[in-house]
Every structure is written in structure tokens, then in C-alpha cells.
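**Student:** One-letter residues, chain by chain:
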Amino acid sequence: MKPAPFRYVAARSIEEALQLKAEYGDEARFLAGGQSLVPTMNFRLTQPAMLIDINPLAELAGVKIDAAERVRIGALTRYRNLERDPATERNLPLIHEALPHIAHPQIRNRGTIGGNLAHADPASEMPAIVVTLAGRLRAQSMKGERWIAAADFFVGALSTALEPDEMLTEVELPVAPLRSGACFMEVSRRRGDFAIIGVACTLRLDEQGRCAEARIGLCNAGDGPVFATDASEFLVGRKIGATEIEEAAELVQNAIDPGGSIHASKEFQRHIAGVLTARALATANERARA
Amino acid sequence: MATRNFGAPIKRNEDARLLSGQALFVDDVELPGMLYAAFLRSNVAHARIRSIDVEAARARDGVVAVYTADDLGNYWAPGPLLVPPPPIKDTIFNQRTQVPLAKDKVRHVGEPLAVVLAQSRYIAEDALADITVELDPLPAVVDLEKALTDASATIHDGVRGNVAAHVRQSRGNYAAARARADRVIARRFLYDHGASSPIETRGIVASWDARANQLTIWDTTQAPVFLRNGLAGMLGLSERQVRVIAPFVGGGFGPKIMLFYPEEVVIPWAAIKLNRPIKWIEDRLEHFFATTHERGQTHDAEIALAADGRILGVKDVFLHDTGAYNPYGLTVPINSQCTLLGPYVIPNYDSTFTAIFTNKPIVTPYRGAGRQHGVFVIERLLDLAAHELNIDRAKIRRRNLIPPDAFPYNNEIIYQDFAPLSYDSGNYEPILDKALEMIGYDRFLAEEQPRLRAQGRHVGVGVACYVEGTGIGPYEGAKVQVQANGKVNVATGIGTQGQGHFTVFAQIVADQLGVEVSDVDIVTGDTDQFYWGAGTFASRGAVVAGNACNEAAKAVRQKILKLAAEHFECAEEDLEIANGEVSLVGVPGQAIKLGALALKANPMRGAVRPGTEPGLESTQYFGPPGGATASGVHAMIVEVDPQTFMLEVLKYVVVHDCGTVINPLILAGQIHGGVAQGIGNAYYEQLVFDDDGQLLNASLADYLLPTALEVPHMEIAHTVTASPLNPLGVKGAGEAGAIPVGPLFAQAIENALGLLVQKVELNEIPLSPNRLFELTAKLR
Amino acid sequence: MSTDSHEITVTVNGTSYRRTVESRLLLSDFLRHDLLLAGTHVGCEHGVCGACTVIFDGAAVRSCLMFAAQADGHAIMTVEGLAPDREHLHPLQESMRDCHGLQCGYCTPGILMTMKVFLDETPSPDKAQIREALSGNLCRCTGYQHIVDAMQLAAERLRG
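Residue numbers (the numbering used here), protein chains in the order written: chain A, 1 to 290; chain B, 1 to 780; chain C, 1 to 160.
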């Protein structure tokens, strides 16, 4: 399956990339890792007229922690570098735990976090994690830049809030705070396959050991990453035990509207969402108390 | 013989080339002026073709030609029937074979409508979008039971109820057996098999040399000789004008022995017409539609038993999905019908099948070739019987095994080789014993399972038995020649797709001729080197071609001894062949190298005695009187997560009997590979068609092949009951690993989750976490 | 839709090549049909099977998911670069032969490239780690067991 014809530019600067994108709009696509884009091009499901290769733009990659204890990840940062960075486990435990589930090592060697987020596959792990962590995404264009809250970024299946002339350049996430525990769990047919359901959750406890903050997000539970508001709010203020976890899991099941697929019926997805929420919360709780 | 290679884990001759990327596969062929083909394929499962307009495609820059069925003129014809129905009384068989390019009607998604020849595959694919096709869609025939009704659309004119075939075979008197049975258990079983999915898809390069009047074809085929013969006939050439080369082939597994695929018929024709070499490489998306599959059967089966679990009889009525055409005859359902009998004494058997046309790709054999379906039925019936009669699952099997003194065991019904199903040799109980011992069956059920269950872990054990009819005819041949440099050349017509023929055949010949295995050079799959033989299928390569190599090597050995005896002026008994030379026993220093002897055997001048054949060469053929029956038992311990239904195989055991073992390392590889495909079949792979005949998962992202994380470590043991049907005593082993895995999974999962006592049965394959969730719904 | 071409300079197995490529030419096709390094095989063209895996700037990647144009200025190793010739195989290749880790050989180059990087980075892997590293390469012939054996043997040999 060979792709349809297109024109290709290896961008020499962010400005050049943005200029071309402004010129071509939706007719152009940014080529980052290509691990999601190129298969669709080979199947001819996507036929951009222009491919703007941003891989040469090293300034778009890298991870740093800013003064406000926020992790800033360049959009072009490859999964492989997040895997190898010892700080990932400490600062971004959800990402650290999700990485082995993302495709395969060869894909992670090229795939970028920005590319994945901009692709916005509802079954992808990263969008769910970014939403769970209430991250922010930086969009740049020739007109300037803006920050988009994660909750506003994903507008539908394979659809984001990015304008036709915008490039996602950075993801900002909070560092895991003290007295918190996080857990990412996923059920998929084979390791690396798209999740049947994935659950990302973080719990922060107060000094009395009650839940001060809870955030539960899911992938493949809707037409975008799903933040389980009711379940998350329910846990706040409570001492988390088996009963609370069971109730939260049920709230999650009620909140989601999974699409079903040939691999899993909606009912099975809903069932798994409950099972994984319970297990992930239990683990996160243990980790928060440790 | 001093050199002893037979039975040794000799390393493969072919590996250095494969490992260094220097082995020729079809897509590696580069010829000057080559054009590249792409086929426009129907995206509708069933339709009348109103028109196909290719003018815009022809006008595209870089496109050299575009052809439809009309352009083929008289060359257009339905393909030949590759396997006629076996001579079974009252068989109904409606032959409808595939065509090179669709004319009037399309009958499955992916059926080719037109072919584009262009400067590159990229451009050819661009041109596909230029072609305008007007189709009048018809209702798609997808469901087997609905296909039989009057309300269903008819795929082929004149074939009412879409019945491709109807066959009934029986032995004994089932009705009488049922009448006196203590227990009768009847169930419906669904068994689906899938796409072989070799990592190399199909491909063909055809090169016509108009000056030499010679057509050369490289093809990923498992049957180069018959491909040559058929294409020569179709193209009006003599067989010697056509050379078919099956070079290194990246996995066959059955569908690459389907012959006269549309592409195989069109590309050579186009190469001659355009006088340009043409390459067509199937891409993975096409492979899901353009290459044959195996698919599903629906069985309504019942077993009549005595109270002690002895089988009195089995009755089975099943529907078989043959796809849109049936060029491969009845091989798959006949295998299902025959292999259901398994290693058991089943004195009364009544089996009927209806093969049904559907608007899906053609079904032809894929590793197991229908045996899986039959084995699933009998193994499940025995499991259900064991449960109802409160007899242990292993014990009920043991009770019914054919005893070792009953061979050759005649099951009477006709098998895929047109002969009565006769098992040549076997000793089944020791295989079962060994498997149970290796899996720790008794201890597991008595101690480990309860202990783990108390910890909340759901672990279960399964055991499944099977036989495999292998090594069938008609025949294969081999030419063995000792060359002047002392190396031995062997040519055989069979093709190779990874089974190690280059080494296995070399071992056989090396032992006969006293040379190193690495000094035996094997040529397979090149019709210019050898052009007799049927091909690689039905686990017959080692048996049939291996024995042909053995016969030819023996004949050459005789010539060596005769000529050496003349040379040394001694008796043949005084000679010994070893280490590449012939020597006089007990007389050091009196030896002649085989190469030197070969030179002597082909003098440039002088007279020879009348009747002398030049050289040290012989061509011999081997055709067994019947197939050799291999057998085995698989056992498995599996853990199932009762909430997610994800499973992990904790232990997997195979005990296998394929007669004399030529190369244990290669044999183990065949079993591992077969089991891996069996696991895919049991729990991961399913071709999902919707009601319109659309395949919903035509990609490797959604058609799930097992990876190194889904396939467990396997422990393998052997027993040996040599086959009396060939001098080497060998039986085939290529498909064994794949055959019993379905029922094994069903049984082990039932055991892990305690399903039978809760009245949940797993009578279908494939299973999956989603399916287990659905089937256990009533328990929640 | 229009297309364009680009002049690229890419180093493959230590040799520098300068070529002009159409934008959409896949790296896998470039290696196989332009450079005639046909050892890299194509199995799916959607990044799943791993047969096309090559080493790109030291990392194992799917060459079917890259365009040749992207390789400009980069260094690639393919299976042809693993050993100087057929008589002097790399320990990875020797181990695969010794353990019967290949049957048809079609997926093998992709596996060799994947495991070369893996063993360089993880010189003493256990079986579970090997299987995990192997999970991005599909093999339909071997059932993986002998490949795992081969990798353990290769690791041993590479450690000296």
C-alpha cells in the first residue's frame, strides 16, 4: 500500500514550519514520529498535499521542570526518551506506567508525545493521561501562541482544538505531588495493542489520610479521553477503602459511553472499566500511603 | 555407513544466506524494464458489473496498460478444478472456479476487476483511483444457514441454495448404536479458522523473452511444477518453454499451494502481451482478500456412549463455508470429516456435510486443512461426556484409544487422498501417559489447583488428543548426482517455505553417500532443475520427497560401489563409503574420492559398455500406497483472570509421534510454529465479516497474530512408531502443532473457571476475553 | 496532486549514498529497490509486523513508516551490515543458526536489527525481557521459542 503523492519539506525552523502550515492549512500535515500518520497515508486514508517534517527541529524536543514544579515536555519528545529518563518515574508516574503499553519499542523509538496527542485517537493512552493530570497544551502559529487546557483540547475522535494553522509545541503537566499515588492500567488483546479500556488515576491524600484530590481518566471509553468527574469528586474528603473504591468504579461505569468494537462489546468495555478502576484506585491508594 | 546424520540436530545449510539478507525472495527480483502491477478489486461482496471504464487510468502518466476481462479474450476462462471430489457415493458437487478478472459479476470483496501495469507500484495504485466501476449490488450471502434458504441470493447461476457440495460418509450403523446407548449427548459446535498470514505475502514476477521464446516466472508458490504445467497449457506454450521458480518463500502454510490465482494467470499473460517483465507483489491489505483463507463450520454433532464412557458411535451434520468459488474441491471438509475420528475406536459413524458458497474469499487448506474442526468436535464431545458421566477427561480418552495391536486400522471412510482412511501404525496410550506425566495432571488436579483456587487464582488444565493424516501421495521425485568436485547435487520438484528441506533432504542423502551434510546442495522449486512432483502440502515433504531423495541416493550409492569395485578390482562388499571417498576395507591408502569417481564415470573419450549411464546420478520417484498417520497429545495449564478474562498459559506440553525423526531441531521448530498458529486460532485470530460481506479487520492491527508474549514456552517429547509405508519410517509433522489447540483452550478455560458445573460450555472457537464475558453472562 | 523530489545523502552500513528520491518513496522501498539492499523485508506497510525494522541513528525503527527523504543526513544499518560476509557471521546470526531460530527467514532480518540494539543495551537479559523486546516482531513460522534460545546464546557470546 503506497501513499498518494505529496510534497515534502524538511523544516529548517519552527517559523518555516508554521509559515507552511498557515499557507496550506488542512492540506498540510506535520510529520513528527509518523507512527500514526504514515500508516494512514499508506492505506490512503489520509492524503495530505504537503508534509512538513518537523523532526529536524531539535528545540521542540526535551523535558524540563520549570520554577512552578510543572513538567514541560516538548512535543517532539520521543516516547523512547521518556522511557529512558529516570525522572519520568518520579515526576510522571502515570506516563512511566503507561509507556510499556504503547505499541512496541520500535514504534516508541520514533513516536512522539506531541504527535500522539495531536492525532487524538480516543483509544490512545496519552490523551487520557494528559486529561487526568489536567495538563495544558501549547499551540503555536504565525499569529502567536496560546495554551489550551487538556479538557478543552480533545474535541472528538481524531479531532483536536488546534486550528488549521497551529502546531502543538509543548505539553505541560504537574509533577506528582507528595502524599500522592498514581496508577495506570490497561486491558488490551495483546501487549501494545490499543486498549480495550485504559484507566489512569491519581490520588492525593491530606495529612489525615483522607482523599484531598482524585482524578480518574479513561481511554477508549468514549469519542475522546474521558474524565470521570462524578467518580473523581465522589472520593474527595473520604477515607478510601474497598467500599469507596467499589462505588467509584460503579460511578465510572455509569459515566462512560464506550463505542464497542470487534474486539470488545460496549458491555464488556463497561465491565472492564469498572474492574480496572477498582484495581487502579486500590493500587494508587496503596502507593499514596506508602 | 560411517557418517550418521539421520536423527541428528544438524544445523541448516540455508541459514547463512537467509541470515545475511542474501536469499532471493520474489520481491527481490529486479529485471531491466520491469513494470509493476496493481489490481483494482471489488469493494462490494456481491454485485453485477454494469461497466468498467479504464480510459482515464490508461491516460495517466507512467501507466503502460490497463486490462479488464474483455481484454483477455479467449484467454479468459474459469480456473481448473485442482482437486476433484473423492469417489464417494452419492456426492453432489457443483464446480465453480475463480476467474482471472471478474466478468458480469463479482462474488467477494477483493475479487479483481482490472489490472494496471505502470512504471512503479506507486503510480499503478494512483491509477486504480482513475478507474470507474459501476456495480449493481446484490444481497450478500454470508450466513451459512441462510444461504441454503430460498430467500437467499444465489451466488452462482444454477446452484440452488448455494450448495457447493453435499457428502455423506458412514461406517457401521449409527442408528443402532444410538438405540442401545446409555447416554447420548448432542450439541452445536462452531469452529472458525483464519488467514494463514505468512509474513511474506504472495507475489509473482513474469518475464517473457520473445527471442528465446521462454517464459520465466518467479512465484511464491508451494507447487511450482503444476503451476508451470497449467500456465504452459493456458498460454499455448509447451512445458519446456516455461520455467517456474519458487525461490525462498516467506512462509506458505497452505494458501500458497492454491493455484491459478487470478494474479498468477493474468501477470504472465500480460508479460507476454507487453513483452516486458512484470512484477506483482501482494500488499498486506490485499492479502486479506486475495489469498485464500480457511473459515468456519457449524457442526450439529452427537455422541452415543456406554455408561463407562466407551464411544458407541458419533453422528455429525455440518455446514462448511467454501467461499465464493471451490477450486480446491472437498479437501478441507473431508479432512474435518475424517479427522474427527481421531485416535479413537468409533465403530459407528455417520457424517454429512454441505459445503456452501458464500460471498467471501475462497477457502482452501491452511495448516491443519480442516482437521482442526473435526478434532474440536470429538474432543468437546468427550469433554462433555466426561462431565456428564463423571469420568475423568484423560480417562475417558484413554478408554477409547485404538489399541496398539489394531494396526493398520481401517476407518473405511474415504480420505483426501481418495483412499480409505487407514492408519498405518500407532501407539497412542504411551503418548497420553507421557503428556499427563509432563503436565503433572494428577498432582495438578489433586493439589495445585485447589491450593491456587484458595488463593483466588483460577488455574485449569487441559488435555487433547489427535491424529494427523500425513505423507500422502501422489508422489515426488529426486535427482541425485555426485559432481566432479565431490559435492552432491540434489534436485527435487517440491518447494520450500522454511521447513528446512535444504537440510533434511541433505541429511538423508549425506547418510547414503558418506558425505558431509554441508556438501549436499539441494535445489527445490525450480522446474528447469526438476519438473515432476505435486508440491508442498498436507505434511508430506519429508515423507514423500525425503523418501524419493533416499531412493535416488541409494541408486547412486549402488553406482558408486559398482564403479569403485571395477576400479579397485574387488568385490563390492569389500568397499566402504565414508568421508567423501570410497575405500577398501582394511587396506589403508586404497581410496578414491567421490569426485574423482564421478569424473571416471563420465569419460570424454573411449568406449563404454552398452547400457551404461554416465556419471554418478540417478532419478527416482516415491509414491506411498497411502498416508502415514502421525499422532499426538497436547496438554496445557492456563490461568484466567475471572474478571477480565485475560489468560496466561503457564505450561504447554506436546508429545508427538511422527515416526522416525530426521532432524529433531527442525521438527521442534515445526511443532512450535504449529502451536503458535493454533494459539492464534484459539484465542486471537478471527476474520470478522459483517452482513454485507465486508471484512472489518483487514489489517495486522486488528487481525491479531500472536507475538512472543502470547506464545508460551513449550516442552516437547516424542514417541516413535515408524511408518511401514516408506523405507525411512517417517511420518509428516508440519501441521500437528496447530490441530488440537482449539479444544485444548476450551477445555482448560472451562476447568480454570469451573464452567461446566455452572452449566456454561465453550463450544466455539475462537474464544476471547470478550466472548468469555458474553458466554458467562448468566453467571453474573 | 503534485509531488516533488529531494536529493538525499544517507549512510547505510557505513557507505554514503547520494540519491534523488520522490517525496513519497518509503524508506523500505528505497533500501530494497534503489540501493538493492533487499535483506530488509516488507510484510505489512503499516508498522505492525516488524519485518522492515532497520537501525536508524542507533535505534530500531520501522522503515515502512519513514520516507527516504527523511533519511537525509542520517545513518542506517541494515542486516547486510551486520556481518562482513556469509563466512563470518555476527554472533547474533550464528546463534540464530545454531538454535534453529529461523525457518522461512523472512522476518529474520527485522528481528536481527531489533535484537542487535536490544542486546547492545541489555547485555544480560532474562527470557521475559527477551520476549518483551521481541514482541514488536511477528514471526509466523517459529513460535518464537528457538529465537529466544538464540538470543540467550547470543547474549552469552557477546559478553565473551
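Hints may be right or wrong, so weigh each one.
Claimed, not checked - Stretches of chain C that chain B covers, calculated by requiring three or more beta carbons in the stretch to come under 8 Å of a beta carbon on chain B: (1) 30-44; (2) 47-53; (3) 64-77; (4) 146-157.
As the list claims (entries may be wrong) - Keeping only pairs whose Cα atoms sit at most 30 Å apart, straight-line, the calculated DSS-like set for lysine-lysine is: (5) Lys105/B - Lys273/B; (6) Lys559/B - Lys146/B; (7) Lys651/B - Lys593/B; (8) Lys759/B - Lys146/B; (9) Lys127/C - Lys759/B; (10) Lys487/B - Lys559/B; (11) Lys266/A - Lys434/B; (12) Lys759/B - Lys651/B; (13) Lys651/B - Lys127/C; (14) Lys266/A - Lys759/B; (15) Lys395/B - Lys103/B; (16) Lys487/B - Lys434/B; (17) Lys103/B - Lys273/B; (18) Lys266/A - Lys146/B; (19) Lys11/B - Lys127/C.
If you are wondering where the hints come from, they were derived from the structure by calculation, not from laboratory data. Built from N, CA and C at the ideal position, the CB exists for glycine as well.
**Student:** Checked against the structure, which of the hints given earlier come out wrong?
**Tutor:** 3, 6, 7, 9, 11, 15, 16
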